[in-house]
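Could you put together the complete structure from these sequences and hints?
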Amino acid sequence: MTNSYIIILSLLVLFAMPSYAENSDTVALQTAADKGDAQAQFKLGEIYRSGNGIPRDYAAANKWYQKAADQGYAPAQNRIGGMYENGRGGVTIDYAAAMKWYHKAADQGDAGAQFNIGWMYERGHGVRQNWEEAYFWYLLAEKSGFNFSSGNAYAATAYEAVRKSLAPEQIHAVKQRVQEWKSTHTPSVR
1 MTNSYIIILS LLVLFAMPSY AENSDTVALQ TAADKGDAQA QFKLGEIYRS
51 GNGIPRDYAA ANKWYQKAAD QGYAPAQNRI GGMYENGRGG VTIDYAAAMK
101 WYHKAADQGD AGAQFNIGWM YERGHGVRQN WEEAYFWYLL AEKSGFNFSS
151 GNAYAATAYE AVRKSLAPEQ IHAVKQRVQE WKSTHTPSVR
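Here the sequence shown stands for residues 1 to 190, where the numbers follow our numbering.
A few of these clues could be false.
What the hints assert, rightly or not - Result set (PhoX-like, lysine-lysine): computed pairs, CA atoms no more than 25 Å apart in a straight line:
hint : residue 1 : residue 2
1    : Lys175    : Lys104
2    : Lys164    : Lys175
3    : Lys43     : Lys164
4    : Lys100    : Lys43
5    : Lys164    : Lys100
6    : Lys164    : Lys104
7    : Lys143    : Lys175
8    : Lys143    : Lys182
9    : Lys104    : Lys63
10   : Lys164    : Lys143
Claimed, not checked - DEER-style ranges, computed between Cβ atoms:
hint : residue 1 : residue 2 : range
11   : Lys175    : Lys35     : 19 to 25 Å
12   : Lys100    : Gln39     : 21 to 27 Å
13   : His185    : Ala59     : 51 to 57 Å
14   : Ile171    : Lys35     : 43 to 49 Å
15   : Asn130    : Asn152    : 19 to 25 Å
16   : Asn152    : Asp94     : 21 to 27 Å
Worth flagging that the hints you see were computed from the coordinates, not collected in a lab.
The beta carbon of each residue, even a glycine, is placed where N, CA and C say it ideally should be.
Next up, the structure:
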């Protein structure tokens, strides 16, 4: 074997192996999640949902999201809502359950959950289709930090379509409702 062949083979083996830091980070995350840390449980759920470095496993993701959601962790509550909306992670599609979890997160100021509620109203998933209500939740999501222009063309298109379907007086009424909602809800998203 030539020296360059050995070097190339060694580099391939080296880069194919997960780094010690990744393994120690995962072990630390698992340990914290096992001890009940809601943020660690959520992050572990994210790893399983995305399949980042491991095989995608929605059931495992749902398990960790549920543990964090039960502790009131809003991002996990939003993800549980998504599991019910899409029938993933060992649950069947249940729009009422999705809305329940989305509302728990939205009430804490979770912009993603607020967007998801708007989506449910826009599409009529488990609720009567109502574009004014959809606009309320989309606008609330935007005011809570949801970025409609961050490369999510679908979200931006949905937001604009709903807004354009409303009369100016409806838009004004929704904006007032959003201001009232924001004044009575203190965001607690971690």
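- Find the hints from earlier in the document that the structure breaks and name them by number, from lowest to highest. Hint check: 3, 5, 6, 11, 13 fail, others pass.
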